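There are 2 protein chains.
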Amino acid sequence: MNGKLYGVSVGPGDPGMITRRAWELLQCGAHWTYPIRNEKSDSYALDVVRRSGLALPENHTALIFPMTHDKEKLTSYWLRAAESVLSILRRGEDVLFLVVGDASTYATFSHLARTVSSIDEAIEIQTIAGVSSFNAAAADLQMPLADTDDTLAIVPAAYGVEMLDRLLADFDTLVLLKVNSVLDQIIDQLEARDILKDSAFIERAGMPEERIVRDVAQLRGEKVNYLSLLLVRNRHRIRGPKVRGCRKKKQ
Amino acid sequence: MNGKLYGVSVGPGDPGMITRRAWELLQCGAHWTYPIRNEKSDSYALDVVRRSGLALPENHTALIFPMTHDKEKLTSYWLRAAESVLSILRRGEDVLFLVVGDASTYATFSHLARTVSSIDEAIEIQTIAGVSSFNAAAADLQMPLADTDDTLAIVPAAYGVEMLDRLLADFDTLVLLKVNSVLDQIIDQLEARDILKDSAFIERAGMPEERIVRDVAQLRGEKVNYLSLLLVRNRHRIRGPKVRGCRKKKQ
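Residue numbers (numbering that gives the first Met the number 0), protein chains in the order written: chain B, 0 to 250; chain L, 0 to 250.
No wet-lab data here; the hints were simulated from the structure. Keep in mind that the hints are not guaranteed to be accurate.
As the list makes no split between identical chains, a pair holds if one copy fits it or if it spans any two.
Claimed, not checked - Here are the simulated SDA-like cross-link-like pairs (lysine to any residue), alpha carbons at most 25 Å apart as the crow flies:
1) Lys-72 to Thr-147
2) Lys-72 to Ser-117
3) Lys-3 to Leu-45
4) Lys-3 to Val-212
5) Lys-3 to Asp-139
All values reported here derive from a predicted model rather than from experimental measurement.
Chain B on its own, in the form it takes in the complex (with noise of 0.2 Å):
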């Protein structure tokens, strides 16, 4: 009898963000993996549960996934990763593999659950939903991510810089992610469109070393880290005829 496999997302960074549901898992003697970058990092989605008070259990195996965008390498690494899984399931193991945020969202899960899918269609898989970097950064910012009937795009923010004016037509809130690569060019942008007061700068959202920054100008020309995010509230977004079943923004 296989065991099964789980997805297992412990959230943003807070151990108090950790479902009830993953809590249980973490603790009924399952086989743990993780992602790590390369044999001597570390894995962030280990420190969180660590930091939870649970210990490593002995029945653990870390697996590599390198930061690459090389598509030959990653199916390589997924393929290994995979076959490292299948050969715990096989002993009649169950084995959770531990997400950062949510394991749906820009996560390497659904890459590890495909492959293993695709060597054996047997092994029953399940995904445990989490708490999203954006969920904890809207939480965290006392600021809403969608208010009723509200549109919301979650965009990697090097794609905003082109898109933001078509961005700014359809929705009412902009999560811009990884904004450390452009975050002049945006800042430039949001202050010309008269929304940079209406945005907030979420650095490590959820995690011990999260800092906020309200007034986001003051960011220019400053260095900030990967795992970092804009959120934009589009006040002047004026809404289209009302459609069925919304209703249409007061002037």
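Based on the hints, put chain L in the right spot on chain B.
Using the frame of chain B, we list chain L on its own:
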């Protein structure tokens, strides 16, 4: 000494999706408040917590948030709710406001918090993030919400009808919320664009009555629940030119 107001996300419906932090707050003797539509209705947020096995504490108050689009009526109810909450906080009790899903995402908590702050800006307020219904939907559908560098749009479906071609040009994943009012129209549109088979339907995601339909075409003509969404993976999307910090999708 005033109490503190907490917006406590309880996740989309499965009590296992309550976070450890929310779980701890629910058991710390604070005053529970929760939204109801009218005097006679149940509170879904409270129901999620009760199904977790916790009993309603003696100190609890239902707050009325009517289902209306009348801004004036809403404002007067928000004010009444804020005054109820303030009277408890001023007795020195902490107040939890229970929220289904995530408290920053299509939730009443931001209105309550804003109204409380506008009356007494010294009141301390904290939002406890939670699992959104669309995170639970993606997990249960075993479909990614976003893969590396993907763009994600979360849109009330009634807007999606008119925006669909623009959304498909810019987004890798669409979450079309409250799809009930425009389901047939959306099905036709997705079919015409050859992405209906990359879509999945989920009703009451994360709740005990959750229903998944992968062959979305079969829903034509059916009356579905208000709490229903379509998750659309936009397989045909061709990404624009490579921008800093993002990679181009392999064609």
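Taking the hints in turn, this is what the structure says about them:
no., hint, in the structure
1, Lys-72 to Thr-147, "between (44 Å within a copy, 15 Å between copies)"
2, Lys-72 to Ser-117, "within (18 Å within a copy, 55 Å between copies)"
3, Lys-3 to Leu-45, "within (20 Å within a copy, 32 Å between copies)"
4, Lys-3 to Val-212, "between (43 Å within a copy, 23 Å between copies)"
5, Lys-3 to Asp-139, "between (35 Å within a copy, 15 Å between copies)"
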